[in-house]
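Undergrad: Next come the chains, spelled out residue by residue.
There are 2 protein chains.
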Amino acid sequence: MTNPVRNVLFIMADQLRWDHLGCAGHPWLKTPHLDALARRGVRFANAFVNSGVCGPSRMSYYTGRYPISHGATWNRVPLGVGERTLGEYMRDSGRRLALAGKTHVMPDDEGLRRLALDGGSELGRLLAAGGFEEVDRYDGHHEPGDESGYPAFLRAHGYDSADPWSDFVISGVDGEGRVVSGWQMRNVHLPARVREAHSETAFMTDQAMGFMRRMGDQPWVLHLSYVKPHWPYMAPAPYHAMYTADQCLPVVRSAAEREDEHPVLAAYRQSEESLSFQRDDCIRTVRPAYQGLISQLDAHLGRLFEFMDGQGLLEETLIVFTADHGDFLGDHWLGEKELFYDTVQKVPFVVVDPRPEADTTRGRVDERFVEAVDVVPTLLDALGLQVPSHRVEGRSLLPLLHGGPVDGWREAVYSELDYSFKAARRLLGKPPQEARAFSLRDARWRYVHWLGAPEQLFDLQADPQEFQDLGRDPGHAAVREAMRRQLLDFLARRKHRTTVSDAFVESRTDNHKKAGVFFGQW
Amino acid sequence: MTNPVRNVLFIMADQLRWDHLGCAGHPWLKTPHLDALARRGVRFANAFVNSGVCGPSRMSYYTGRYPISHGATWNRVPLGVGERTLGEYMRDSGRRLALAGKTHVMPDDEGLRRLALDGGSELGRLLAAGGFEEVDRYDGHHEPGDESGYPAFLRAHGYDSADPWSDFVISGVDGEGRVVSGWQMRNVHLPARVREAHSETAFMTDQAMGFMRRMGDQPWVLHLSYVKPHWPYMAPAPYHAMYTADQCLPVVRSAAEREDEHPVLAAYRQSEESLSFQRDDCIRTVRPAYQGLISQLDAHLGRLFEFMDGQGLLEETLIVFTADHGDFLGDHWLGEKELFYDTVQKVPFVVVDPRPEADTTRGRVDERFVEAVDVVPTLLDALGLQVPSHRVEGRSLLPLLHGGPVDGWREAVYSELDYSFKAARRLLGKPPQEARAFSLRDARWRYVHWLGAPEQLFDLQADPQEFQDLGRDPGHAAVREAMRRQLLDFLARRKHRTTVSDAFVESRTDNHKKAGVFFGQW
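From first to last, the protein sequence lines are chains A and B. Reading the first sequence from the start, the letters are residues 0 to 521 in numbering that gives the first Met the number 0. Reading the second sequence from the start, the letters are residues 0 to 521 in numbering that gives the first Met the number 0.
Note that these hints are calculated values from the structure, not bench results. Hints may be right or wrong, so weigh each one.
Identical chains share a label here; the pair holds if one copy fits it or two copies do between them.
Distance condition first, Cα-Cα at most 20 Å in a straight line; then the derived DMTMM-like pairs of lysine to aspartate or glutamate [stated by the list, open to error]:
#: 1; residue 1: K494; residue 2: E433
#: 2; residue 1: K512; residue 2: D166
#: 3; residue 1: K494; residue 2: E109
#: 4; residue 1: K429; residue 2: E454
#: 5; residue 1: K512; residue 2: E87
#: 6; residue 1: K512; residue 2: E142
#: 7; residue 1: K29; residue 2: D173
#: 8; residue 1: K512; residue 2: E271
#: 9; residue 1: K494; residue 2: E505
#: 10; residue 1: K29; residue 2: E356
#: 11; residue 1: K29; residue 2: E305
#: 12; residue 1: K513; residue 2: E146
#: 13; residue 1: K513; residue 2: E271
#: 14; residue 1: K512; residue 2: D162
#: 15; residue 1: K513; residue 2: E142
#: 16; residue 1: K429; residue 2: D173
#: 17; residue 1: K513; residue 2: D166
Based on the sequences and whatever the hints tell you, model everything.
TA: Right, dumping it as structure tokens:
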């Protein structure tokens, strides 16, 4: 019997592409500390999110359930009061679960009001925070509010403004001395007006270390959730200038993709973010800054790990490092994320289990399919807590980390999209309930089932860059049919009966006579 | 603009087959009052439940959502605290929503405790009652508890027993003077020991009339939910002897059904209820009693309607009459219900809208597909309340009742089964999460998709009695593929994003700049 881990550090980066790590083979980008982390544990080279958007992806990380099950299918869609999250599951572990940074959890205010729950009560606050105790909550890309100490921290360091985030953190000074905003991507070659030590990434790392210090000898769980390298892509010096445009990955796009375009993709490619990223100058300006932000994140993780090492925490802390999705950065003629390409759906995923049971797999690159929903069961398992199998849809990764034989591991990953809040839906003239897509990806195929639009299919073996959509190709009807069938079984297997456990079902199976009900007797 | 109806009477019978009504063509069974009701309104000849089991079927009636959405997939599985029901939706109507009889709603005690809600509070009680105010709650086939006045009523009428229900209501006296139980179906040719006027059906009808009397001039909504003709099939005199075995529908079964049986059906056919109903003596004993119980129900509905007529209530009350599922009674070599034959899935369904707008359709038999989930939107619509389209999955029947043109009505009905609590699951060696089936039925085909078992397919045109399962027939691969595709789209369209309305989505579509977020700008 394995002993539970003492501490858990669950680190999330925001909008970090899987291929933007040194250890994932990026030829120029340097991430020495993340590479070292991967050597200490297992890097999962085929880890996928369950939705290519912050909100639904994170809710899958926090509930262990697919978006179609947890229902928070877009950013700022509240997680229903009936859904349980990591923080709630972990309360039984005797460890405090703290959050530093971003969660994107939205409280279900209407659901709370309906149940006459006071949102200001301890329970209301916990539900609003997704079960986390907030060391410092900061969801990013907005001037933070009272829930974060960051604005006060900035002002204390001399950034004199009502909105120091907009005026310093995401702004720069152009050649003519004018303050310009990082919201305009043409400006992100400039250094941010904030000093590196006062940047978002530095501040949140400090929060994490402060928390660990305060915890002293007590065990803990910390979700450290960075808002970078997500836009605005403004990096502080020296990271803004660390890479040239020629030290970035080449843009992955083909003229063939614009011929006979899928209607939803055609609509997405007309959005402002896609039109901007269809410009070479935009790609060549943003990608170096994006890489700079990643190297900066890596440097602060190095600082954190060194601190932890000094405190003796590395030997007793299970660490997960991942991201909520990638970023097109012009690939496939697209900006932003959401759609079903590996660029966006595949994420970095490193797990270090400090216990001796994991010694045999250290430094391994595991090619098996991992999904965001696996984090909840993995962490519960590592803490010796039971995984509620009637609700949680992911699987614990511990058997993979501990190197024993694992039968029947998944052969495909699932992701979905609700684009009802997007301009693309309006362009296509669809009502809010019809803007959905459901996708399976296995080792060979990426299949996408759109409501009211043609299917998509990519042959990842013959066409690893996903240029040729075979969704309407008569020669691939049988493949689509097989994928459709798999998807039907997948959707049919979602966990809807969430109010009683499987053990309860077992205990009540065929027991009507014990309950005094004698139907069917002749 | 149609005026809202004043009152609503939503009557449910328990386990009443669609073909066991005079107006549905039964050659011997007399149901004159239900036939008269149908003449005053519309009888939907193709009305289907969304699960062939009390609990999940009723939760679809009460939530307007399919079982895969509301999650209460079996009897006594609690409805999650996040699910809203008819009673809650109607609270805005200014009318009291009262229940007399059975609901099968189970409170989600664990969910309530988790949210620190006191189950004894007014809200807790309302959630436990599925939003109904209970005039008299009685879920049937058990000695009722304190929630019903029935045991006290029985004792007050001289049925001297600690358990008058078991000793009188479902018992008889055999030829040798011994008290015998209706739990043994061999005894149901005997009259119940309870007098007809004190039977369950009479009592609950009295409760309904008492409620209407007490309401006086105030508008109301009453869910009158009978526990009959559900087992135990013990009818009071004279109904126990109203029909002979030769005045019952012939049993629908064929030797061909037992050849190359579907594994799940084979397991069901080994259950006690199926083995009993495979006996001709069982069929010939139970069917006359079952018909007697229906004629009794009809007589009491006649009494109720006469009372309402006298009070002037018929002209101002919308009436729905239906059932939660049918009963095999030996058809297809099966007892009980659950499986996907019309015998069980199709139900009586009559709606009388008293308003002049419905005058053109009075007496009509409408062949369009109706589902249990349509009741919530129909009643909300009739009361002039908005239907929450992001949660409710059914459609209002008012346009059909009002005779105008209706575009794009559904072409198939959906039902599902979770048999994880059944002995059949154990026989098949399946875990609780794998005992599920999902079915679509259109005008031509009945298709069933089982997890981990072969598909079923019946050609309702060539084989209206559903004897020949084409689920593994190579000649019907294309039909199965088409049905599978329809089912995939159906499951993909379930309403999971329940915390924000479609109007909210519309208002927030493509509005990031208004919210101060300027991504994607070059």
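Undergrad: Take the hints in turn and mark each one as holding or not.
TA: Hints, one by one, checked against the model:
no. : hint        : in the structure
1   : K494 x E433 : between (23 Å within a copy, 11 Å between copies)
2   : K512 x D166 : between (72 Å within a copy, 18 Å between copies)
3   : K494 x E109 : between (24 Å within a copy, 17 Å between copies)
4   : K429 x E454 : within (17 Å within a copy, 33 Å between copies)
5   : K512 x E87  : neither (37 Å within a copy, 34 Å between copies)
6   : K512 x E142 : between (63 Å within a copy, 14 Å between copies)
7   : K29 x D173  : neither (27 Å within a copy, 90 Å between copies)
8   : K512 x E271 : between (65 Å within a copy, 12 Å between copies)
9   : K494 x E505 : within (16 Å within a copy, 29 Å between copies)
10  : K29 x E356  : neither (30 Å within a copy, 74 Å between copies)
11  : K29 x E305  : within (18 Å within a copy, 85 Å between copies)
12  : K513 x E146 : neither (54 Å within a copy, 22 Å between copies)
13  : K513 x E271 : between (65 Å within a copy, 15 Å between copies)
14  : K512 x D162 : between (69 Å within a copy, 17 Å between copies)
15  : K513 x E142 : between (61 Å within a copy, 15 Å between copies)
16  : K429 x D173 : neither (42 Å within a copy, 67 Å between copies)
17  : K513 x D166 : between (71 Å within a copy, 19 Å between copies)
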